[in-house]
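Take the given structure of chain A and dock chains B, C and D to it, following the hints.
There are 4 protein chains.
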Amino acid sequence: MTMLSPTARGYILTLSCPDRSGIVATLSRILFEVGANITESQQYNDVSSDRFFMRIMFDIVREGQSEADLRGVIADVAENLSMSYRLNRQSYRPKVMILVSKFDHCLVDLLYRWRIGELPIDPVGIAANHPEEIYRDIDFYGIPFHYLPVAKGAKAEQEARILALVGESGAELVVLARYMQILSNEMAAALSGKCINIHHSFLPGFKGARPYHQAYDRGVKLIGATAHYVTSDLDEGPIIEQDVERISHADSPEDLIRKGRDIERSVLARAVRYHIEMRTVMNGNKTIVFTS
Amino acid sequence: MTMLSPTARGYILTLSCPDRSGIVATLSRILFEVGANITESQQYNDVSSDRFFMRIMFDIVREGQSEADLRGVIADVAENLSMSYRLNRQSYRPKVMILVSKFDHCLVDLLYRWRIGELPIDPVGIAANHPEEIYRDIDFYGIPFHYLPVAKGAKAEQEARILALVGESGAELVVLARYMQILSNEMAAALSGKCINIHHSFLPGFKGARPYHQAYDRGVKLIGATAHYVTSDLDEGPIIEQDVERISHADSPEDLIRKGRDIERSVLARAVRYHIEMRTVMNGNKTIVFTS
Amino acid sequence: MTMLSPTARGYILTLSCPDRSGIVATLSRILFEVGANITESQQYNDVSSDRFFMRIMFDIVREGQSEADLRGVIADVAENLSMSYRLNRQSYRPKVMILVSKFDHCLVDLLYRWRIGELPIDPVGIAANHPEEIYRDIDFYGIPFHYLPVAKGAKAEQEARILALVGESGAELVVLARYMQILSNEMAAALSGKCINIHHSFLPGFKGARPYHQAYDRGVKLIGATAHYVTSDLDEGPIIEQDVERISHADSPEDLIRKGRDIERSVLARAVRYHIEMRTVMNGNKTIVFTS
Amino acid sequence: MTMLSPTARGYILTLSCPDRSGIVATLSRILFEVGANITESQQYNDVSSDRFFMRIMFDIVREGQSEADLRGVIADVAENLSMSYRLNRQSYRPKVMILVSKFDHCLVDLLYRWRIGELPIDPVGIAANHPEEIYRDIDFYGIPFHYLPVAKGAKAEQEARILALVGESGAELVVLARYMQILSNEMAAALSGKCINIHHSFLPGFKGARPYHQAYDRGVKLIGATAHYVTSDLDEGPIIEQDVERISHADSPEDLIRKGRDIERSVLARAVRYHIEMRTVMNGNKTIVFTS
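Residue numbers (the UniProt record's numbering), protein chains in the order written: chain A, 1 to 292; chain B, 1 to 292; chain C, 1 to 292; chain D, 1 to 292.
Derived from the structure by calculation, the hints contain no laboratory data. Any given hint could be a false lead.
[Said to hold, decoys possible] Here are the computed lysine to any residue pairs in the SDA-like style, where the Cα-Cα straight-line distance is at most 20 Å:
#1 D:K102 x A:E118
#2 C:K259 x B:G117
#3 C:K259 x B:S292
#4 B:K259 x C:Y274
#5 A:K259 x D:R270
#6 C:K259 x B:M83
#7 D:K259 x A:R218
#8 C:K207 x A:P204
#9 B:K259 x C:R273
#10 B:K259 x C:K259
#11 C:K259 x B:M278
#12 D:K259 x A:K102
#13 D:K102 x A:G117
#14 B:K259 x C:S292
#15 D:K207 x B:P204
#16 B:K259 x C:R115
#17 A:K207 x C:S21
#18 D:K207 x B:R218
#19 B:K259 x C:P204
#20 B:K259 x C:M278
#21 A:K207 x C:K207
#22 A:K259 x D:R115
#23 B:K259 x A:R246
#24 B:K207 x D:R115
#25 A:K102 x D:R115
#26 B:K259 x C:K207
#27 B:K102 x C:R115
#28 C:K259 x B:Y274
#29 A:K259 x B:R246
#30 D:K259 x C:R246
#31 C:K102 x B:G117
#32 D:K259 x A:I276
#33 C:K207 x A:R218
#34 C:K259 x B:I263
#35 C:K259 x B:P204
#36 D:K102 x A:R115
Predicted, not measured: the structure shown is a model, and the values here were computed from it.
Same shape as in the complex, but just chain A (with noise of 0.2 Å):
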């Protein structure tokens, strides 16, 4: 059984279940009895689905209160709401694997604010479809790396080998950073919930190849990227994180791509940040993002 150390007594819990009246006196009053302070909390009920959705972070406060017990009340109460729910401890730092192309900007990004301990996240792997010489520039840290080239015919076999790693390696979350390779529907299901894409275009504006091409031929003012959960369709998952920046006629495609490059690090790194500080529930295919 384990006792909850003066230093790790913060939880969060993310839940959703069909709205009805008293969710949250129940949800507090149980939370009071094992003895649970509320730190911060946040709610929205979707209309259009009638369901509701919620983050709650507390501290146990209590000498003595077992996670096992706390666990049980919560499942108790989890199966007469029809509710489903994810509880961590604020501590925890999931497991995270990397996929990446040639373009190196988000996974430098990300390996960066890992390394300062800006993101609490515990990197089990970097893969990618270009061999390690190509990224010969970056620190890996020690972090385990994966060639997983595309062979012609064999997507299915080099998608099983991803799928693979990520149960080797224990991988709670699968960030594509800037991973160019469209996923099969079976890929993309696997990981339905659990892999987050950065888009390099404002969606739903330029889907397809060469956004930034695109934008320039369009001759817009504004370009962005576009952070969202992976689902069988690439571009279409729900969205996360969007941010944009201001072009001009004189932006070369080039100009856009390198301000491109800023956007979308910062946008998938804010994005992560919403994961694994679980702020995110999956609402059909949109995103309910409870940033403070």
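Only chains B, C and D this time, still in chain A's reference frame:
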């Protein structure tokens, strides 16, 4: 005894109290007991002041539940928790008095938002230190206008007249829509917490006179505006909202003033909206703003 | 012969021509020779179309220099360089016709900016497909109002009346201030380059009807608006200006519409300003915008 | 005599001089005479100082035109017009020395942009007041590192060593990438116009120590960063670039510091880019920035 009609059953409750365990549990329990369904809630625990802040939106779904009973129950809890609070119907439209000087862009913008039903306020008066003919191009839609010039050496008298107007009209909020008079400490104190000012500068950058000329002289690349609650120090009240716009070396002071108008009116309108939707709670010299 | 008065000696020249060596040298020489002092100039060489674009502001500082002579000199150069150009006094106020449907926020905003002298235009008419009583709360300040309903099967006739109004009034710019009628190809062609539309969406994101509801359904995190020149494809004209605002899952379609109003009016106002300050030059399906 | 090769014929010229009639005509004539094709130009007439500023990009398209002759012609004009100027090839990569203290996010970001070829600089040294082991996780790619501790009472000596390094390495630009030492007036004067600092605050908001804590205490809703040229007053040099990010009451000082890192690195990178692309000209205590 007011019986809640089917169309007027929504309430907003904001509160603050010393932080302690069980506040959320207590509040959600008593709200459940009076037949309330919480539809939105946000909270904040301020570690530095050890105070707890919350905003709850709820619907009374129980047939026959009286408002008097609801208010009694909440008053009891408030006493137990040393809690200060405000409770209003969601349909509530506060009475608002607008003070203005020569520049009318904020006034015109507020009136427009009110006229099209965007801003649920009840304007009970417009007061100015300039005569009504200055505003001859503006349609006041029957809102009473008061010309309150500041005669030399008679500022106290003029302020007394404003406070009298506020009292007689029942105004619950006073908006300084580019009202270019420095309030006396007494006046500011009398309006504390119920008066919003728009400062035509990005605080704490440029206080004092002619901030856009100061910004021009300093060569800044962004200008901004700040909406804040009025306290005795006119430029130092708790900030509600701020925004900025990009400028360049080629912008003249007149360009800055023009761009500033757009920021000022939108920042002020957002601050007023946050206030009337009861999203704001003052916390010493800061404002907690529960945005969605 | 018009002699340039001391107060009306500023000019703006915009031009485009096939790119070649010596254009700037030629232009600045002939401007020097007619006693002009260049106070601002910007240029752009479009590599893909191999065309040269320029905007020059200058003051005629020579006593007695006639405008006819200035125009003659520039016409000669234009012929030599196969140049298309526009030359106006800086004090010039173009005649503008505004078309509107039910939503009046863009109209009211333009009128306000005109009234306080921010937007140097000369409004010669307001036309709507709704009767005047819809706008009874708006002061038109004597600008002629034209009710031009679109009778079933008589769209061509209505458009002919609009074009007639444009012709009779001498309007040099037509602003579609949320005018919710699809223009026919003929009408769009007739107004090409002299008509600005505000599209209540961040193009190329959500075309077609009800873009804010589309944005809501898609779960995007930013909404925007686009001002563009009208061409035969209503949503595909050369973009002049765009902007966005952040939204969250908690924003309803109504919230999006509300936030959209603010973006729409400011994006449209900026686009109109760029046009009347002659900062825009159409370049195929794009717009060059010489901002300061 | 350097003959211009087909691939290295682009130049950038920036200049400032007392304003007078005919400057543009003179410059474009002599550039035409030496076989130059102007591809981009921007100018600014500062009314308050009565000075003229210009940035011209041009290609030498004449076969056999020597650079020495080009420089001679420009030097002659400069003397006639009392003009100060800089002339560089567009392919020019300035030598840059980077100074850093404990926080490495700006340093790492600059090195990344340099490594992928985004920032055309030639880093000739990294100097720090902390020993190299502090930066053991950063790959310096062979750039010489200099540990220059500030011994008590020996600040002048340390600064002399920095200036010596700058001199020996031929560094044309010194970047203070979160270098947390106050420069002496002598040092600042020695580096004037060739040293860019990133101030971790939105100037003129929060000067002095711990600006993010100051921002937190003041309850502002936006934080920002400022890049500026170094002058004797460390926080008051001519501003090159600024940006902000939105914060809320729920952001702790640590959150502000985290968000601040992102703004600081991007603002500094943009300022360095503007400088090395010769888009900046100092104008007293302001900076003219010719952005595209």
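Comparing the hints with the structure gives:
no.	hint	verdict
1	D:K102 x A:E118	holds, 16 Å
2	C:K259 x B:G117	holds, 14 Å
3	C:K259 x B:S292	holds, 13 Å
4	B:K259 x C:Y274	holds, 14 Å
5	A:K259 x D:R270	holds, 10 Å
6	C:K259 x B:M83	violated, 34 Å
7	D:K259 x A:R218	violated, 33 Å
8	C:K207 x A:P204	holds, 10 Å
9	B:K259 x C:R273	holds, 12 Å
10	B:K259 x C:K259	holds, 19 Å
11	C:K259 x B:M278	holds, 19 Å
12	D:K259 x A:K102	violated, 28 Å
13	D:K102 x A:G117	holds, 15 Å
14	B:K259 x C:S292	holds, 13 Å
15	D:K207 x B:P204	holds, 10 Å
16	B:K259 x C:R115	holds, 16 Å
17	A:K207 x C:S21	violated, 39 Å
18	D:K207 x B:R218	holds, 14 Å
19	B:K259 x C:P204	violated, 27 Å
20	B:K259 x C:M278	holds, 19 Å
21	A:K207 x C:K207	holds, 15 Å
22	A:K259 x D:R115	holds, 16 Å
23	B:K259 x A:R246	holds, 17 Å
24	B:K207 x D:R115	violated, 43 Å
25	A:K102 x D:R115	holds, 14 Å
26	B:K259 x C:K207	violated, 30 Å
27	B:K102 x C:R115	holds, 14 Å
28	C:K259 x B:Y274	holds, 14 Å
29	A:K259 x B:R246	holds, 17 Å
30	D:K259 x C:R246	holds, 17 Å
31	C:K102 x B:G117	holds, 15 Å
32	D:K259 x A:I276	holds, 17 Å
33	C:K207 x A:R218	holds, 14 Å
34	C:K259 x B:I263	holds, 14 Å
35	C:K259 x B:P204	violated, 27 Å
36	D:K102 x A:R115	holds, 14 Å
Hint check: violations occur at hints 6, 7, 12, 17, 19, 24, 26 and 35; the rest are consistent with the structure.
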